[in-house]
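Go ahead and model the full structure; you've got the sequences and the hints to work with.
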Amino acid sequence: MSPTSNVDHGPYDGLDATDPAHWAFGTGFADPLDGIDPHVPDGVDRVALAALCLRLGDEALLLSHRLSEWCSRAPDLETDVALANVALDLLGQARLLLARAAVVEPGVVPELPAGSPVPAEDALAFFRDPPAWTGSRTAALANGDFGHTVVRLFLASTVRLVVLQRLTGHPDPVLAAVAAKGVKELTYHRDWSGRWVVTLARGTRESRRRTTAALGQLAPAWAELLDRDPAVRDDVEAVLDQLLDASDLERPDEGGELPDDLPDLLAEMQSVARAHPQGRW
Amino acid sequence: MDDLERQFEETVARHDRIEPRDWMPEGYRRTLVRQIAQHAHSEVIGMQPEGAWITRAPSLRRKQVLLAKVQDEAGHGLYLYSAAETLGVTRDELEARLMSGAQKYSSIFNYPTPSYADVGTIGWLVDGAAICNQVPLCRTSYGPYGRAMVRICKEESFHQRQGFELLMTMMRGTDEQRAMVQESVDRFWKPALMMFGPPDAESPNTARSMAWGIKRHTNDELRARFVEMTAPQAEALGVTLPGNDVDWDELKRVVSGDGPCNAERLAHRQQAHDDGAWVREAASR
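First to last, the protein sequences are chains D and P.
Note that the first sequence covers residues 1 to 281 in full-length UniProt numbering.
Note that the second sequence covers residues 1 to 285 in full-length UniProt numbering.
If you're looking for bench data, these hints aren't it; they were derived computationally from the structure.
Worth double-checking, as some hints may not be accurate.
With beta-carbon atoms standing in for the labels, derived distance ranges [as the list claims (entries may be wrong)]:
# : chain 1 : residue 1 : chain 2 : residue 2 : range
1 : D       : Gly-35    : P       : Lys-154   : 42 to 52 angstroms
2 : D       : Pro-173   : P       : Met-99    : 51 to 61 angstroms
3 : D       : Gly-35    : P       : Glu-26    : 52 to 62 angstroms
4 : P       : Ala-277   : D       : Asp-129   : 33 to 43 angstroms
5 : P       : Ala-231   : D       : Thr-204   : 50 to 60 angstroms
6 : P       : Gly-101   : D       : Asp-234   : 53 to 63 angstroms
Calculated from the model, a selection of chain D residues having no Cβ within reach of chain P, i.e. all distances over 10 angstroms [said to hold, decoys possible]:
#  : residue
7  : Thr-27
8  : Pro-75
9  : Asp-80
10 : Arg-128
Taking beta-carbon pairs under 10 angstroms as the criterion, some of the chain P residues facing chain D (in silico) [said to hold, decoys possible]:
#  : residue
11 : Gln-48
12 : Trp-53
13 : Ile-54
14 : Arg-56
15 : Arg-62
16 : Lys-63
17 : Gly-77
18 : Met-99
19 : Gln-103
20 : Trp-124
21 : Glu-264
22 : His-268
Using N, Cα and C, we set each Cβ at its ideal position, and we do this for glycine too.
Structure representation (structure tokens):
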């Protein structure tokens with residue numbers, strides 16, 4: 001191979017132009033729902049639809065945030081990349097869902113001072129106080145070790161996958177499309193986290209001890225997720241049983257309560273946005 | 001000079017690639033391992049200063065852009081460690097040399113990032129400087145390194161434009177945001193100039209690396225290219241660049257381990273490595 005081939009359209013190209021817009025070429029993408037028909041079909045309850053989008057969007061954003069905290073801290077580079085992938089998928093879902101909630105029912109968006117440049121998705125993410133959030137405690141739960149992270153991700157993605165599968169036929173075409181996209185992503189998240197749970201459970205004595213402990217600590221998370229979506233119980237219980245069987249792990253007792261880590265999460269996530277309420281980013 | 005050595009010299013002279021199975025002088029191999037490993041370590045340590053802002057990014061779009069960028073850096077680290085492995089070292093050995101201080105990483109990542117504007121400035125200036133250094137490496141004489149650099153440079157170019165775009169957006173925001181941008185540029189300009197290494201007169205390895213086709217331009221040539229490229233961009237942004245007079249003793253101090261964040265960066269890396277040991281061990285069963 002000639003050493004000069006494949007470098008012809010060099011990265012200098014973007015740097016040497018004289019037009020300022022060229023120096024930011026390819027980076028300007030705006031509204032996540034840009035180009036999508038905002039129309040809500042007749043007969044769809046807008047308040048209920050907005051609440052559903054918000055609930056699914058909050059859940060995705062909170063879990064994405066926790067996964068993103070692993071960045072530069074994962075057990076190896078491959079895992080760092082994989083965790084960021086999952087976090088980015090969920091963040092993408094969150095953006096679409098929060099933006100859709102705001103279009104369907106603008107009343108859900110917190111009011112900001114007149115002239116505020118903050119888009120609706122960001123008003124929802126950065127200017128809502130903890131009581132207005134509708135995600136689970138499981139999603140907001142502070143990270144533990146890597147075993148805790150993959151067990152939590154497995155539980156959350158098992159439930160979310162079934163929830164999204166059922167929403168692919170929703171009468172709102174935007175929500176149905178987001179769900180269809182999400183099903184592909186969640187299938188991978190469940191597979192990736194499930195394989196890690198099995199690997200750790202069957203790995204060393206130490207990894208098995210940690211995985212068993214994570215499963216015990218997260219037993220109330222499983223209970224919470226099923227309480228939020230009781231209709232999917234049978235489907236998801238079957239998947240959990242399969243995983244426990246493959247991992248040779250016992251099902252833990254469901255007792256215990258989850259701490260509410262949402263206020264701490266939001267205090268950090270919202271800090272810069274709230275320090276500059278008129279800021280443009 | 002024997003046949004193998006002559007063949008090597010001829011390959012380099014006609015600007016062709018040396019491949020892993022080819023004979024190469026031991027010094028060439030050592031220089032490449034040092035340079036590629038240093039580059040890989042820079043990508044991995046470089047995840048930290050910006051990564052620290054992922055949880056506080058002020059819009060969902062910025063959170064997405066930043067997380068994807070830091071993820072790209074992990075990917076660059078992977079390609080580069082793989083390129084180094086073709087020279088007969090393992091990633092574990094290289095990581096151990098990073099943590100013992102035997103191998104270095106770019107001095108720039110030893111500076112703190114106290115402001116969100118630093119995310120934009122790192123993209124604009126630090127990735128911009130990295131591109132000036134790295135584009136010529138796409139034509140470097142060692143095949144696996146050159147090919148890794150082609151892809152890395154394309155991604156770095158995107159990061160550079162994203163950084164510029166963040167600063168441009170902030171400059172159109174509030175007075176406070178404009179002040180944040182200028183303050184950040186004031187802190188990063190000279191450290192960015194130092195990324196090209198010491199002046200040519202004080203760079204002992206340059207001549208040898210150029211003869212071997214590992215390096216294609218001297219430090220001062222690349223630094224001048226960067227300054228020339230950046231000046232009109234600064235004007236378009238509406239920021240003032242501080243002077244180009246660099247304190248080379250500062251570079252020596254930072255490289256030798258005495259920069260503002262050296263200890264913190266290595267401690268973070270060591271902690272992640274230690275915390276993940278049980279996972280890696282379980283996965284290797």
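- Query: Checking against the hints above, which ones are violated?
  - Reply: Violated: hints 1, 7, 8, 9, 18, 19 and 21.
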